[in-house]
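Okay, here's what each chain looks like letter by letter:
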Amino acid sequence: MPVKRRTIGGASTRPPDVLVRDLVAELKGTKEFGQPLVEVETFERTGLVGVTVVWDRLEPLSDAQRTAVILEAFTQAFGDPGPGGVAFALGLTVAEAVEAGKIPFALVASPRASDAISPERVRAVLDEFGGTSPAAGGLPALRFAGRDEAEACRAKLVEFLPGSDAIWTITQDVGRPDW
Amino acid sequence: MPKRLPLRVHAHTVRGFRAAAAERHRDAGVLAAHGRRTAAVYLWGYVAEMVLKAAYFSAFGYRPDEAITRADLEAARRLAPSVGLTWAENLHNVHAWGQLLVRTRAGVPGLAYPNPLFPSRVAATTFRIAQLWSEVLRYHENVAYTHEVRRVADAVGWLFDSSGEL
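In order, the protein sequences belong to chains A and B.
Going by numbering that gives the first Met the number 0, the first sequence opens with residue 0, and the numbers climb by one from there.
Going by numbering that gives the first Met the number 0, the second sequence opens with residue 0, and the numbers climb by one from there.
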């Protein structure tokens with residue numbers, strides 16, 4: 000009887016090259032809004048940095064792979080931080096970051112039929128700005144850690160889509176009740 | 000006359016949290032093996048919480064039998080903003096404890112982990128547990144899916160087995 004051998008589900012944490020390459024480009028870029036949202040926090044007393052990357056393209060990867068992608072991209076973009084340079088590297092999708100409370104502010108669009116700007120145009124702009132479509136459908140939303148960033152993005156969107164002032168709303172998530 | 004169970008409990012301590020985590024870990028395994036899935040998840044969440052609290056207070060110099068009071072727990076939460084952490088929920092927030100541990104170690108000279116892989120995994124694992132666990136599960140009749148039980152068991156099992164390195 001022929002014997003077929005194959006290996007299933009290797010636990011490799013080797014970072015996918017294409018994601019590393021694209022993340023390096025993003026880390027070196029100057030994009031103001033959209034994904035990936037990279038947060039680099041420096042701990043003053045130790046000089047260590049914590050890196051959090053919010054990026055929907057990390058979704059298919061395991062947590063270990065996400066960490067490997069971020070560490071590799073960070074090293075390629077900024078040089079070897081040396082031992083103890085990076086304290087932790089965490090990768091989340093936008094939905095996960097929302098759940099973790101990291102990006103509680105949302106910039107949402109509510110175009111009306113009477114608006115001169117079509118929902119399709121709004122969707123295209125939101126996609127360009129890195130919006131994430133809600134699971135329940137509807138227009139993508141943009142997410143931010145702080146209200147200031149959301150306000151700045153709204154100003155940029157109005158610049159981009161003149162006359163769209165009234166369609167943008169900033170909302171903030173509230174925590175779960177603890178009873 | 001022997002003391003009743005609630006009167007036999009002692010103050011929270013690092014040693015007590017670790018011992019209770021081991022007990023509840025075993026209980027959760029028995030529940031899961033007998034199909035009591037939500038109850039298993041419910042107990043495993045507390046295992047994670049106790050392992051993290053023990054690690055946090057141990058790292059910051061609490062002796063094994065030194066009392067950890069409610070005020071100490073609140074004080075730990077109040078330190079969260081100083082390490083860049085927004086702690087919006089109550090003291091059962093497993094992901095917040097995980098992050099507080101990782102971030103405080105990163106911020107205090109001499110306490111950092113030797114390489115970033117382990118703390119990254121701690122942060123990610125506590126997030127995965129928090130996605131599937133809440134202390135309010137006890138009030139609801141919902142039954143955990145088997146894949147949810149497996150994911151919580153794996154995540155908490157790793158955290159428990161890593162207690163010595165936390």
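For the record, the hints were derived by calculation from the structure and aren't laboratory data.
Among the hints, erroneous ones may be present.
Below 25 Å or equal to it, Euclidean Cα-Cα: the simulated SDA-like pairs (lysine to any residue) are [unchecked claim]:
| no. | chain 1 | residue 1 | chain 2 | residue 2 |
| --- | --- | --- | --- | --- |
| 1 | A | Lys101 | B | Ser81 |
| 2 | A | Lys101 | B | Pro1 |
| 3 | A | Lys101 | B | Glu73 |
task: Run the structure past the numbered hints and jot down the numbers of the failing ones, going up.
output: 2
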